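Chemist: Generate the whole structure from the sequences, applying the supplied hints.
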Amino acid sequence: MSQRIPVRELADSFRGRASEALADDQLRTNFRVAMDSLMKKRADAFPDEDEREGLREQGNHIKARALSRLPDLLEQLEEKLTDNGVKVHWAETTEEANRIVHAIIEARQGSQVVKGKSMVSEEMEMNDYLAERGIECLESDMGEYIVQLDGEKPSHIIMPAIHKNRRQVSKLFHDKLGVDETDDVNELIQVGRRTLRTKFMEADVGVSGVNFAIAETGTLLLVENEGNGRMSTTAPPMHIAVTGIEKVVENLRDVVPLLSLLTRSALGQPITTYVNMISGPRKADELDGPEEVHLVLLDNGRTGAFADAQMRQTLNCIRCGACMNHCPVYTRVGGHTYGEVYPGPIGKIVTPHMVGLEKVPDHPSASSLCGACGEVCPVKIPIPELLQRLRQENVKSPAEQPKVKGGGAKYSRRERAIWRFWVALNTSPVFYRLFLWGATRFGRLAPKKAGPWTDNHAAPVPARKSLHDLARTHLEKGEGQP
Amino acid sequence: MSARSNILGRLRASLADTRPRPDDFDETLVTGPWQYPPQERIKRLRSLMEAVQTELHLVTSESWPAKVEALLEARGLANLLYAPGTDHGRQLAAHWQAGGAKPELLAYDRPVEAWKEDLFWKVEASLTGTVGGIAATGSLVLWPDRHEPRLMSLLPPLHIALLKASEVEDNLYTIMQRQGWSAAMPTNLLLVSGPSKTADIEQVLAYGAHGPKELVVLILEDA
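Just so you know, the protein sequences line up as chains U and R, in that order.
The numbering of the first sequence is UniProt numbering, which starts it at 1 and goes up by one.
The numbering of the second sequence is UniProt numbering, which starts it at 1 and goes up by one.
Just so you know, the hints here were simulated from the structure itself, not pulled from any lab data.
It should be emphasised that the depicted structure is a prediction, and the values quoted were computed from it without experimental measurement.
It cannot be assumed that every hint is accurate.
As the list claims (entries may be wrong) - No farther apart than 30 Å at their CA atoms in a straight line, the calculated lysine-lysine pairs in the DSS-like style are these:
#, chain 1, residue 1, chain 2, residue 2
1, U, K171, R, K213
2, R, K43, U, K41
3, U, K410, U, K448
4, U, K283, R, K164
5, U, K176, R, K213
6, U, K199, R, K116
7, R, K67, U, K176
8, R, K213, U, K41
9, R, K67, U, K283
10, R, K164, U, K40
11, R, K164, R, K67
12, U, K283, U, K380
13, U, K465, U, K448
14, U, K176, R, K122
15, R, K102, R, K213
16, U, K283, R, K213
17, U, K380, U, K396
18, R, K67, R, K116
19, R, K213, U, K40
20, R, K122, U, K199
21, R, K213, R, K164
22, U, K87, R, K213
23, U, K403, U, K41
Modeler: Structure follows, in structure tokens:
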């Protein structure tokens with residue numbers, strides 16, 4: 001696997017991919033079934049509304065407090081980790097983060113990497129970067145392993161292979177690993193277990209993400225069910241953790257409510273099978289654990305989001321995925337349609353800071369603003385509000401100086417002129433009456449084609465009498481009086 | 001300029017003229033709904049752990065080594081990894097010496113590098129202690145150290161854990177405070193709440209993903 005992993009070809013625009021996804025019955029069924037089940041599990045995990053709301057409020061306060069002291073906490077985290085024997089690195093861009101990771105691996109002459117699940121490493125496209133330099137980088141989370149084997153990208157941040165059913169996985173294992181096909185999920189998992197166990201044993205480096213970095217104690221906390229995260233961070237002689245700068249919290253006690261919110265919101269579990277708290281490399285007298293532990297802190301646009309008090313709230317995110325599970329758009333079009341690392345509602349509000357709004361101009365409007373995402377968010381990110389803000393940033397003229405990276409991509413003079421006309425029409429009584437007079441008399445001259453609307457609908461024809469006219473006649477006749 | 005100073009500089013500039021938010025952490029939110037009378041704690045821990053396919057047995061501080069032997073025998077296992085430098089390790093070894101053919105006892109007494117292949121493929125079961133349990137979530141707290149290394153609770157397909165009934169606390173917050181975790185975190189601190197599992201294919205729950213396929217908890221009622 002030394003060459004670049006081919007990623008399946010999809011249409012090159014959000015709209016194109018959405019049309020493809022909507023026409024794929026299998027994909028839609030896979031997502032519908034999964035999302036319904038995840039929504040139910042979350043609801044069952046929070047039977048008491050008051051308890052849930054109290055906890056969400058607290059989650060929000062903990063993250064807001066951490067962000068309000070972010071530079072201090074990052075320094076404290078670095079100091080504590082350094083005292084504990086962990087080496088801390090800083091990267092402004094994904095390119096820089098990849099270079100750091102590569103240099104660390106080179107210094108140890110490593111050639112095999114096993115990875116626990118890490119969305120930040122997806123941001124970095126670390127697998128490709130290392131593969132191009134002759135280092136095998138194998139995903140070890142079952143879902144990640146499946147999508148990597150098929151040359152795909154994850155379609156959900158906590159359920160990477162949610163778009164596939166068991167038959168598709170069985171066929172994949174048969175084709176790639178030469179095992180017999182089976183409909184038994186247990187057997188499929190055992191195939192993954194056997195294959196990956198050899199890799200855990202042989203790997204010189206384990207890479208993982210971080211769920212919470214605790215400044216007070218210098219601890220990296222990871223949650224998982226499979227044990228692959230523990231394997232990746234314990235079995236190889238070196239562990240490299242990569243994380244975004246927003247993952248730091250102040251105190252160990254702060255993770256108690258956040259952990260509860262995370263696992264219940266994500267999977268409806270009271271807790272994950274493993275909560276793995278790492279505070280340093282193997283000590284001189286210990287018999288296992290990595291001899292070296294590194295932490296790479298990545299910016300990649302986060303300081304840009306941080307600079308805007310409203311958009312800063314995107315950094316509250318604890319990556320539970322509840323917003324996508326509850327999103328009517330995500331459920332229908334699936335994760336790959338978004339074409340970026342983070343899909344769904346959260347993806348729409350964090351991606352612009354990383355890649356620029358001009359690269360994802362359709363994302364903010366691919367939403368019905370139904371509000372479900374904001375309602376379920378465990379740290380109360382007002383996602384619909386931020387989507388509206390991005391819609392505004394999207395159409396700002398250069399003179400209006402968009403504040404979000406890549407803003408103004410959808411600015412159109414024509415659209416702006418139409419809106420100016422609309423505003424003038426509705427704020428000037430004379431102009432408005434004149435328009436009404438014309439519309440009611442010459443309405444049938446209105447164009448029969450009105451953009452995409454008339455592809456599926458009849459063109460609107462203004463009525464002969466306006467509502468104002470009808471009301472006036474009605475009142476003059478004295479009808480409707482008590 | 002280094003990445004570090006650039007990042008910190010940008011963050012500081014964005015925070016100019018702002019004040020840190022107050023620490024309004026309210027512990028009752030994470031303790032209030034999760035309190036149980038002492039006799040209920042074990043019951044709750046048990047039902048939550050059984051719901052995720054964990055086997056639990058009530059034993060005594062005298063009888064547990066015999067139970068371990070019986071568990072291995074029932075499964076026809078050939079060996080057991082143990083920690084010879086711990087109290088429970090010594091008690092187990094003493095029981096093993098007293099008569100009868102038993103599965104082989106393997107001591108984790110050398111660095112992982114010295115026998116990695118055996119640890120990954122040959123060891124069939126392990127026995128470890130715990131430093132407590134959590135009733136609210138059905139969790140064990142493991143505090144690996146030089147006597148009882150981390151991989152013991154991860155590599156063998158069967159993991160047997162000893163839990164003292166008196167060390168089961170109501171919730172994570174309580175046990176964290178009572179044991180003073182934040183003052184002295186070990187290299188690796190673990191919460192374990194069942195055998196390894198995954199639902200990555202069609203959300204169908206499958207046990208034995210990468211860690212132990214089976215978790216057995218022996219609750220020492222008199223300890």
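Chemist: Would you mind marking each hint as holding or not holding in the structure?
Modeler: Status of the hints after comparison with the structure:
no., hint, in the structure
1, K171(U) <-> K213(R), "holds (25 Å)"
2, K43(R) <-> K41(U), "holds (23 Å)"
3, K410(U) <-> K448(U), "holds (26 Å)"
4, K283(U) <-> K164(R), "holds (28 Å)"
5, K176(U) <-> K213(R), "holds (25 Å)"
6, K199(U) <-> K116(R), "holds (12 Å)"
7, K67(R) <-> K176(U), "violated (44 Å)"
8, K213(R) <-> K41(U), "holds (24 Å)"
9, K67(R) <-> K283(U), "violated (34 Å)"
10, K164(R) <-> K40(U), "violated (35 Å)"
11, K164(R) <-> K67(R), "holds (15 Å)"
12, K283(U) <-> K380(U), "violated (40 Å)"
13, K465(U) <-> K448(U), "holds (20 Å)"
14, K176(U) <-> K122(R), "holds (27 Å)"
15, K102(R) <-> K213(R), "holds (22 Å)"
16, K283(U) <-> K213(R), "holds (29 Å)"
17, K380(U) <-> K396(U), "holds (27 Å)"
18, K67(R) <-> K116(R), "holds (28 Å)"
19, K213(R) <-> K40(U), "holds (27 Å)"
20, K122(R) <-> K199(U), "holds (16 Å)"
21, K213(R) <-> K164(R), "holds (23 Å)"
22, K87(U) <-> K213(R), "violated (34 Å)"
23, K403(U) <-> K41(U), "violated (39 Å)"
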